[in-house]
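We have chain A already, so just place chains B, C and D on it with the hints.
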Amino acid sequence: MATSPAEPTLRDEAATAMTRLRTRSLTMRFEGLVALDAVDLEVRPGAIHGLIGPNGAGKTTLFNVVTGYHRPTSGTIELDGRRIDGLLRHEIAEAGVSRTFQNIRLFGAMNVIENVLVGRHSKIAVAGVELAGRMRPHSDHRALAAVRALPSAPRAMLHGLLEVAGAIAQPPRVRQTERAAIEHCAELLQFVGLVGREHELANNLSYGDQRRLELARALATDPALLLLDEPTAGMNPAESASVVRLVRRIRDELGVTVLLIEHAMSVVMGVCERITVLDYGRKIAEGTPAEIQGNAAVIEAYLGTSAAQGGGRAAPRA
Amino acid sequence: MRELQEGADRRLRAWRGRAAGGAALAAQPWHAARERLRAAEERTRLPIANVLVLVVALSLPFWPVIDSRWLRILVLVGIFVVLGLGLNIVVGYAGLLDLGFVAFFATGAYTYAILSSPASPALQADLNWWLAIPVVLAVGSVVGVLLGLPVLPLRGDYLAIVTLGFGEIVRILLLNVVGLTNGAQGLFNIPRPEFAGWVLEALDHWYWVLVLASFILAFAVGRMRASRMGRAWEAIREDEDVAAGMGVNTVKYKLLAFAMGAAIGAFGGLVFAGFFTFVNPSSFTLLVSINVLSIVVIGGMGSTPGVVLGALILIGLPEVLQFDETSRLLSLFNPIVPFADTSLWGRQLASARFIVFGLMLVAVMALRPQGIFAAARPQVRLPRASGR
Amino acid sequence: MFWFDQLINGLTIGSVYALIALGYTLVYGILQMINFAHGEVFMLGAFAGYFVLLAVGGDDLGGATIIPAIVLAMFVAALASSSAAVVIERIAYRPLRNAPRLAPLISAIGVSVALQNIVLRMTGGRDRVYPRIFPGGSFGFGDFQVGYIQAFLIVASVLMMAALLVFIQRTRTGRAMRAVAENRATASLMGIDVDRTIVTTFVVGAALAGVAGVLQGLWIPNIRGTMGFLPGIKAFTAAVVGGIGSVPGAMVGGFFLGLTETVGRELLSAIPGVHLPNEWSDVIAFSLLVLVLVFRPTGIFGERVSRRA
Amino acid sequence: MRASSRGVRWGWLAAVAALATLVAVACGDDGGGTPAAKSAQPGFKVVAVNKGQPIKIGISSILTGDLQALGIPIAQAAELAGKGVTVEGFSIAFERKDDTCSPEGGTSAAQQLINAGVVAVVGPVCSSSVIASQPLYEKAGITTVSPSSTAVASTKPAGRGVYKTFFRVTYNDAIQGPALANFAQNQLKAKSAYVVFFNDAYGQGLKDEFQKAFKGTVAGSEGFEKGATNFASIVTNIQNKKPDVVFFSGFFAEAVPFITQLREKGITTPFLSADGVRDEQFIKLAGKHAEGAYLSLPSPKLAGSVYDKFKADYKAAYQKEADTSPFTAESFDASTVIINAIKKVAQKDGDNLKIDLAKLQDAIAKSETTGAIGKIKFDAKGDNAGGETPVTFFVVKNGKFEAFKG
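Chains as they are written, first to last, in the working numbering: chain A, 165 to 482; chain B, 9 to 396; chain C, 23 to 331; chain D, 919 to 1324.
Chain A with its partners taken away, still in its complex shape (with noise of 0.2 angstroms):
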């Protein structure tokens, strides 16, 4: 159990001694399409990491498999040695992981506030009292998920009806977490630079502060990892820098591990540590960006002189 403020040393001391975040033998099918084709990927604690590789290459759906939007169809996920794949999404945030989104997702209609807020939400007091375990209706069936929850509904019941109860009391302590993550977002929203619109309506921001935005509200569940999606995509050489050194912040001062999808090079280049690049669902190279530079897999998987080498591209297709 992996209750993140809770247990800081123990995941740190782990961490120091593992890997952030491993995948192996990663794999993704849709209806007969790869995805993921046995993806090995280790993500070192303290590291900025960029993933790499051509379009349709497999990188948001390592994301997505990643963050619990899809079972991984085999392979294994762990984050800091702990087995994630399996986990809902919001178990897998709790545990640490936290993402942007390619296309900005926002919650347009909520203020800037409310966003960060949410990302807050599981370091809000339910009422005046800690509950141990939770419900998992998780399964690979629907069906038979509801059935598997059944013993633990009493206890899912208890712990709603108690969230109503402190939602409408608001015991001290309930307000007290609050007013903690109210703080905490704000200098958050400091620390990415957008104070003075916290009551902005999130839809209302510039496409630069929206990328800000969500940058804030996915540091707001305390990750230890963070994935992002294109995080310079559209933006001016200007805005992009300034992204740039906000990633590098991210890691600095905060402490959280990135693994960032890009497809500017200088960005990639200039920022990341280690690259692991894909195509086609598999993974064709990893290593320093200098190692990278010079890969020769990796330049026709970009160019694409792929008559010439033959099998690299043609297999994992069938």
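Errors might be hidden in some of the hints.
Claimed, not checked - Okay, derived cross-link-like pairs now, SDA-like style, lysine to any residue, Cα gap no bigger than 25 angstroms in a straight line:
#: 1; chain 1: D; residue 1: Lys1238; chain 2: C; residue 2: Thr248
#: 2; chain 1: D; residue 1: Lys1206; chain 2: C; residue 2: Ile155
#: 3; chain 1: D; residue 1: Lys1074; chain 2: B; residue 2: Leu135
#: 4; chain 1: D; residue 1: Lys1001; chain 2: B; residue 2: Trp353
#: 5; chain 1: D; residue 1: Lys1057; chain 2: B; residue 2: Pro72
#: 6; chain 1: D; residue 1: Lys1206; chain 2: C; residue 2: Gly80
#: 7; chain 1: D; residue 1: Lys974; chain 2: B; residue 2: Trp353
#: 8; chain 1: D; residue 1: Lys1159; chain 2: C; residue 2: Gly159
#: 9; chain 1: D; residue 1: Lys1315; chain 2: C; residue 2: Gly159
#: 10; chain 1: D; residue 1: Lys1144; chain 2: D; residue 2: Gly983
#: 11; chain 1: D; residue 1: Lys1272; chain 2: D; residue 2: Ile1257
#: 12; chain 1: D; residue 1: Lys1001; chain 2: D; residue 2: Lys1229
#: 13; chain 1: D; residue 1: Lys1159; chain 2: C; residue 2: Thr248
#: 14; chain 1: D; residue 1: Lys1159; chain 2: C; residue 2: Phe161
#: 15; chain 1: D; residue 1: Lys1159; chain 2: C; residue 2: Leu281
#: 16; chain 1: D; residue 1: Lys1318; chain 2: C; residue 2: Ile155
#: 17; chain 1: D; residue 1: Lys1159; chain 2: C; residue 2: Asp304
#: 18; chain 1: D; residue 1: Lys1299; chain 2: B; residue 2: Pro126
#: 19; chain 1: D; residue 1: Lys1160; chain 2: C; residue 2: Phe161
#: 20; chain 1: D; residue 1: Lys1261; chain 2: D; residue 2: Gly1222
#: 21; chain 1: D; residue 1: Lys1183; chain 2: C; residue 2: Asp165
#: 22; chain 1: D; residue 1: Lys1130; chain 2: C; residue 2: His297
#: 23; chain 1: D; residue 1: Lys1057; chain 2: B; residue 2: Gly205
#: 24; chain 1: D; residue 1: Lys1144; chain 2: B; residue 2: Leu188
#: 25; chain 1: D; residue 1: Lys1183; chain 2: C; residue 2: Leu83
#: 26; chain 1: D; residue 1: Lys1233; chain 2: C; residue 2: Thr145
#: 27; chain 1: D; residue 1: Lys963; chain 2: B; residue 2: His213
#: 28; chain 1: D; residue 1: Lys1160; chain 2: C; residue 2: Gly158
#: 29; chain 1: D; residue 1: Lys1160; chain 2: C; residue 2: Asp165
#: 30; chain 1: D; residue 1: Lys1202; chain 2: C; residue 2: Thr248
#: 31; chain 1: D; residue 1: Lys1144; chain 2: C; residue 2: Ile140
#: 32; chain 1: D; residue 1: Lys1130; chain 2: D; residue 2: Gly1305
#: 33; chain 1: D; residue 1: Lys1318; chain 2: C; residue 2: Gly80
#: 34; chain 1: D; residue 1: Lys1057; chain 2: D; residue 2: Gly1077
#: 35; chain 1: D; residue 1: Lys974; chain 2: B; residue 2: Thr350
#: 36; chain 1: D; residue 1: Lys1144; chain 2: C; residue 2: Leu298
Hints listed in this document are in silico derivations from the structure and should not be mistaken for laboratory results.
Chains B, C and D only, in chain A's frame:
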């Protein structure tokens, strides 16, 4: 590299410590000012406007124009305000389009009726109305969860049609499970609320009880909305997938939305049964669901004053159209309008009141598609020293 | 032959549902809105056809004259329903094209309530009865008998559905409809007149519903102001079961629902200890709807991804 | 604690108050019947009608929606009875209110009528409105005479005594149901019956009474909803079960499509139904299929000089036949009963007129009237006990209702 990692983890620890305790924050220059402003905001949690509305609402029975006909309609409006508050959670906050809200209304009304009506064929238990409140709230929320479970994976209009189906199923069950519900004959002579000899029967008393109940419910619903639960609901409404990715247990909060809406809807049913002392399945048709949804949308989704206004318009207006005052008012136009006897309009309007009702829905939507009280105010505001 | 009869009953009811469901699904596909007033468009078609049949001779029609009379009734009904739909679209929906999602739904409910009550007021709440001009009786082998009117209804609806499919797949307008359904903005950039295409969609859906009104009137003669409401809800259910937005889905969903209410209920009743008389048909239909959607959240022919805002 | 400012205290206050209420209620007097269960003495008053003003009689009927076809003629027939009538020089005026055939509408209409100062009410038309609104009328001391409420519960409320302010002209299901069952057994020699019922209070009630009294087997019992037009599935079942009689408990609106589909399927099983179908519209709309249908009417007759005059007057006033809709004659009679009682109890008081509502109730309770439907007098429960043979049967022959002679 190793060094870098250790450094980062140290900083991470420090950051976490600060976040939990908030001690480091006190050093911020703007912090003190923010605290002051927050205290001021908390003092005005009960804005004067609310008190004013409450006083005006409570004083209505003393107004000379408000006679028992008005009060009777206001009580019916009050019941629909309660229903609207319930559905507002489901549709307005959590964004779950529910076209079968009548199921919960019926659940509440029949739970009390079965447990108290002398005509009840089974389970008659002389249950006191006031004691029935927790029973009905509990039964309502359980039914809400049970009906919510199978529709969890559904979105948008698929959800709408399935909930509509549930509403119809519940009504048909009420009709056909005669051994429990007495079928189409319904359950009658349901006892009125009684408390230590005081019987809730007089219209003005009913009205006051409903005003107070609505205020308590509105307060409770407002609190829910302003809590992390309310934010979770809104996040689900805005983007369910992202909400889950931010640590919100979407299953739990969707079920909570159904349960809360259902409990409040069931309470509305309890009031209905206690007030009319008679329930039969023909009071629990799809039309009720449609009416409540229209109230919520016309008033402005997610807005509590909107619910009140919506109920006044949609429930009150068709009744008021057949009041004698309406005819008299219309006959005042006689000198202005040529070639027509406006005094006859009253009766025509009364018999065409549902046409008026329908056209009004179209007109209100055309003029204010967001509802009358559009775009509800965000809940969390951050007082700032800079004071934008 | 009991089961065969119930099968034919199911198919007949199902074809009416399917014809109405097509209107729901077409409009939904293009506007993502539930056209709640569609049941009333069906009702208006039935009334238009009734007046036509009355005007050309009513019960006195006989022999070969019924064929042009019925064709004329269907044509006028389609025309009347379409005009009503165009007016409704213009007044109640177009101003709300960019409004919040529930606004057009409420507006549609308003139109539905108003139309029902206008017709009820005009008819004094009394039923009108279609002239009984269609020859009664049946054909078939031995116990397997099909009523002429039921056969006519099923065949006519299947033909119309086939025509619709051809229209959508093969014609320029049909392609435009599909393009607008796919992506309104892109279609507009490609030079498609979006407003006109939307109106066309309403017209096509309403024409089908209007003809369905006449067909039902020929079969079950009583028509009244509220006659559209229940079939409207059922047809909407059928459209959702089939996968709303999908044209074949609406057809399959309609027949599926019709058969569930008849054959399905009797099949369940055949289980010893289970007794499900007619008053339970809606329970069965809606329970089935829940089951289908729990296992296929977007209906039988629905798109795979269940994301819709 | 600064954090627990007003908001928190309010929350706890509400919780404590709720708890205290619960405890108090739990400790409170739970014994003894609840007040609603007791019979109350009606709140009779004396109404004064000023000079120049009319005497007001209320009408609670359904005037909108698809039942307006039933409700508007009922209102018109009631108004007909008061046309040109004067009591001590005071004319009579009717106040129509729409009760939408629902508990909510029934009470709302009742309140409007009570406030309008009516002395008595014709209606409510539907049993659900009656049951919900009677407590109000009782409290106001206003007597109601319903032309058409057939539910047994209207005059036999569970858990309390009868409402003294309620009377009805029509006969209830408990009389009609057994008579229909007897008719099926004895006249039609039916050993099995298939029951088709409208799934509302009227249809279910009558069907229950029929099934209770029918000694043969009930081959099947199927309900349908308001506005149903499609009976294909039921008809196929009937064809399969081959019953001796089909009993239809409902109104003509659904009976027409039902019998049409039944006969067009070639099923000639006798069709038996009750007052809800005994309507000229049934014959007119079902045409040749209506031939041979048996129908009961829980009133001695629709004949005689009063009925003929009513029919003629109705046609003159509204340009349509009175018997195109059920319960018009009953409504005319209900109105007549009230007007006669007013004539008896109204007293001149200077220029004004005084009507003692207690006396009015008494006069209605004791009245004996020969009305359009025959003799009307009320028993202690408020049911019409005037008929010597309360239920008569008709058969449709050559497009006309003919009295059945066994």
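*Straight-line Cα separation of Lys1130 (chain D) and His297 (chain C) no greater than 25 angstroms?*
holds, 20 angstroms
*Quickly compare the C-alpha distance for Lys1206 (chain D) and Gly80 (chain C) to 25 angstroms and report which way the hint goes.*
holds, 16 angstroms
*Is the Cα-Cα distance between Lys1159 (chain D) and Asp304 (chain C) 25 angstroms or less?*
holds, 23 angstroms
*Between Lys1315 (chain D) and Gly159 (chain C), does the CA-CA distance stay at or below 25 angstroms?*
Judged against 25 angstroms, a Cα distance of about 24 angstroms means the pair holds.
*Given the proposed pairing of Lys1057 (chain D) with Gly205 (chain B), does the C-alpha separation stay at or below 25 angstroms?*
Roughly 19 angstroms separates the two Cα atoms, so the pair holds.
*Would the pair Lys1057 (chain D) and Pro72 (chain B) pass a check requiring their Cα atoms to be no farther apart than 25 angstroms?*
holds, 22 angstroms
_Check the hint pairing Lys1001 (chain D) with Trp353 (chain B) against an upper bound of 25 angstroms on the C-alpha distance._
Given pair Lys1001 (chain D), Trp353 (chain B) holds - Cα atoms ~23 angstroms apart, limit 25 angstroms.
*Decide if the proposed pair is consistent with the structure: Lys1001 (chain D) and Lys1229 (chain D), CA atoms, cutoff 25 angstroms inclusive.*
Holds, at roughly 14 angstroms.
_What's the verdict on Lys1238 (chain D) and Thr248 (chain C), does the C-alpha distance respect the 25 angstroms limit or exceed it?_
holds, 24 angstroms
_Proposed proximity, Ile140 (chain C) with Lys1144 (chain D) (alpha carbon, max 25 angstroms)_ = Roughly 19 angstroms between the alpha carbons, so the hint for Lys1144 (chain D) and Ile140 (chain C) holds.
*Holds or violated: are the alpha carbons of Lys1318 (chain D) and Ile155 (chain C) at most 25 angstroms from each other?*
Answer holds: Lys1318 (chain D) to Ile155 (chain C) is near 23 angstroms, not above 25 angstroms.
*Could you grab the alpha-carbon distance between Lys1057 (chain D) and Gly1077 (chain D) and see if it respects the 25 angstroms cut-off?*
Given pair Lys1057 (chain D), Gly1077 (chain D) holds - Cα atoms ~18 angstroms apart, limit 25 angstroms.
Violated hints amount to a single one, hint 13; each of the other numbered hints is respected by the structure.
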